Amino acid sequence: MSKYICTMCGYIYDEAKGIPEKGIPAGTRWEALPDDWTCPMCGSPKSYFKKIKEEPAPAAASSAAAAAATAAVAGETRKIPAGYGDEDLREMSCAEMAAMCTNLAKGCEKQYLFDEQKQFLKLAEYYQSKAVTAVDPSAVKLLELINKSLAEEYPAAERPIKADNDRGALRVLTWSYKVTNILQRLMQRFGAEGKALLEHTSVYVCDICGFIYIGDNPPAVCPICKVPSLKLIKIPRERLLCVQ
Amino acid sequence: MRAVRNIRLCTKDCLCLYVCPTGATDTEDGQVDWKKCIGCGMCVKACPNGALSLVPEKYPVQQRHSKEVCDVLFAWAKIKVAAETEAKALASQAKDPVEKQFMKALETSFRRQTEDIYRECGYMLPQSANTRKLLNMMLEREQDPAFPREAVQKLLNELQVQLH
Numbered sequence: 112m113s114k115y116i117c118t119m120c121g122y123i124y125d126e127a128k129g130i131p132e133k134g135i136p137a138g139t140r141w142e143a144l145p146d147d148w149t150c151p152m153c154g155s156p157k158s159y160f161k162k163i164k165e166e167p168a169p170a171a172a173s174s175a176a177a178a179a180a181t182a183a184v185a186g187e188t189r190k191i192p193a194g195y196g197d198e199d200l201r202e203m204s205c206a207e208m209a210a211m212c213t214n215l216a217k218g219c220e221k222q223y224l225f226d227e228q229k230q231f232l233k234l235a236e237y238y239q240s241k242a243v244t245a246v247d248p249s250a251v252k253l254l255e256l257i258n259k260s261l262a263e264e265y266p267a268a269e270r271p272i273k274a275d276n277d278r279g280a281l282r283v284l285t286w287s288y289k290v291t292n293i294l295q296r297l298m299q300r301f302g303a304e305g306k307a308l309l310e311h312t313s314v315y316v317c318d319i320c321g322f323i324y325i326g327d328n329p330p331a332v333c334p335i336c337k338v339p340s341l342k343l344i345k346i347p348r349e350r351l352l353c354v355q
Numbered sequence: 125m126r127a128v129r130n131i132r133l134c135t136k137d138c139l140c141l142y143v144c145p146t147g148a149t150d151t152e153d154g155q156v157d158w159k160k161c162i163g164c165g166m167c168v169k170a171c172p173n174g175a176l177s178l179v180p181e182k183y184p185v186q187q188r189h190s191k192e193v194c195d196v197l198f199a200w201a202k203i204k205v206a207a208e209t210e211a212k213a214l215a216s217q218a219k220d221p222v223e224k225q226f227m228k229a230l231e232t233s234f235r236r237q238t239e240d241i242y243r244e245c246g247y248m249l250p251q252s253a254n255t256r257k258l259l260n261m262m263l264e265r266e267q268d269p270a271f272p273r274e275a276v277q278k279l280l281n282e283l284q285v286q287l288h
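Protein chains in written order, with this note's numbering: chain H, 112 to 355; chain L, 125 to 288.
For reference, chain H alone in the conformation it holds in the complex (with noise of 0.2 Å):
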């Protein structure tokens, strides 16, 4: 008996088990689950499944181009408290305080200070209006930036974390390796099939842990945070104006 994984979302069809609830015996063969069998938790097909012991997909070589789009955006920098409560500070990007500062903002909303949240938006877009613009963006870059962080940045993250035994840090990790992971298999996706991948479909985003979910039903909770669907957010598509 195997177990398989969904590459999309991280759901495991477990042959032992089977999913007596949907009419699925236990013990039901890989195999025998038929070919337009989805994934229960997010829809994806059968052809995303692989089996679980496997190697996980060899990512991309690194490339000079990931590592240079991680400098090219560094631009002017700022320097913060460095967040472990020495006076230690840390250089940050324009585009890094931006993202601090709508960190802050949320933290604002779930206490319910709602002035407060405001000014912590105008914060963040201030320094979004200084922060570097990437120079000749590309798909390709994009996805090797991300192959080298699951290939190399991440278990370097992972070591200190572990031997700290640091939970909070261990699941903030996770959850971004796990949505990383999904990432990249849709890039990969939409590098293959283009724009068919969402074109009759919605885009969903965990406003939580960042999950994207394509489809139109979103699964009841978030399959990475486990946050209910409400916050997984629609993301519209604009319509192209038509000029008469």
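The set of hints was computed from the structure by calculation and includes no laboratory data.
One should not assume that every hint holds.
Claimed, not checked - Each computed DSS-like pair below joins lysine-lysine, with the alpha-carbon atoms no more than 27 Å apart:
hint: 1; chain 1: H; residue 1: K128; chain 2: H; residue 2: K190
hint: 2; chain 1: L; residue 1: K159; chain 2: H; residue 2: K229
hint: 3; chain 1: L; residue 1: K257; chain 2: H; residue 2: K306
hint: 4; chain 1: H; residue 1: K221; chain 2: L; residue 2: K257
hint: 5; chain 1: H; residue 1: K241; chain 2: L; residue 2: K224
hint: 6; chain 1: H; residue 1: K190; chain 2: L; residue 2: K278
hint: 7; chain 1: H; residue 1: K221; chain 2: L; residue 2: K219
hint: 8; chain 1: L; residue 1: K159; chain 2: H; residue 2: K221
hint: 9; chain 1: L; residue 1: K136; chain 2: L; residue 2: K160
hint: 10; chain 1: L; residue 1: K257; chain 2: H; residue 2: K229
hint: 11; chain 1: L; residue 1: K160; chain 2: H; residue 2: K229
hint: 12; chain 1: H; residue 1: K221; chain 2: L; residue 2: K278
Computed from a predicted structure; not experimentally measured.
For this one, chain H is given, so just place chain L on it according to the hints.
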């Protein structure tokens, strides 16, 4: 302590209005009036849907991480920011609305991830010493007339300093 109302859970049974001794729960914007709330918790006990809860005026200090952990998480966030920048540029130059929508979704996803990481690394609470210092550093550093100084000043005045 003071009461807050989760509007999504509120089913307008209005028991909070019946039990509130100061009228703080009866407002036009759905929120509890903190100028009137005395933190007695009666509305929290009375609400059949758990829409009301009590929060402290001063929050405790956030759980700390080691320097090494903060460093790797900020480094991980840096990649997310670079990816967001790339997706943002792709979204703004995309001519096709479907491609634009896809890039916008990616851009949003990277931002949510970055926010979550910063939240974990010492910037969960707007009332924290880190945030306060950050705001003060902004006032010192930003000389650009376009910088919204009044927003920073307002935040320094409005945000209570947390417990130490």
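Hints, one by one, checked against the model:
1. Of the supplied pair hints, the one linking H:K128 and H:K190 is violated, its CA atoms being roughly 53 Å apart against a limit of 27 Å.
2. In summary, the hint linking L:K159 to H:K229 is supported, as the alpha carbons are separated by about 20 Å, within the 27 Å threshold.
3. Between L:K257 and H:K306 the alpha-carbon distance is near 45 Å, which puts this suggested pair outside the 27 Å criterion.
4. Using a Cα cut-off of 27 Å, the hinted pair H:K221 and L:K257 holds, with the two alpha carbons roughly 21 Å apart.
5. Proposed proximity of H:K241 and L:K224 is supported: the alpha carbons are some 22 Å apart, at most 27 Å.
6. Distance restraint check for H:K190 and L:K278: the Cα-Cα separation of roughly 21 Å lies within the 27 Å cut-off, and the hinted pair is therefore satisfied.
7. Proposed proximity of H:K221 and L:K219 is contradicted: the alpha carbons are some 36 Å apart, above 27 Å.
8. With a CA separation close to 19 Å, the supplied pair L:K159 and H:K221 stays within the 27 Å bound.
9. Between L:K136 and L:K160 the CA atoms are separated by roughly 20 Å; this keeps the pair inside 27 Å, and the hint holds.
10. Between L:K257 and H:K229, the direct Cα distance comes to roughly 19 Å. Compliance with the 27 Å bound is thereby established for this hinted pair.
11. For the given pair, L:K160 sits about 23 Å from H:K229 by alpha-carbon distance, which is consistent with the 27 Å threshold.
12. A hinted pair counts as satisfied when its Cα atoms are at most 27 Å apart, and H:K221 with L:K278 qualifies at roughly 19 Å.
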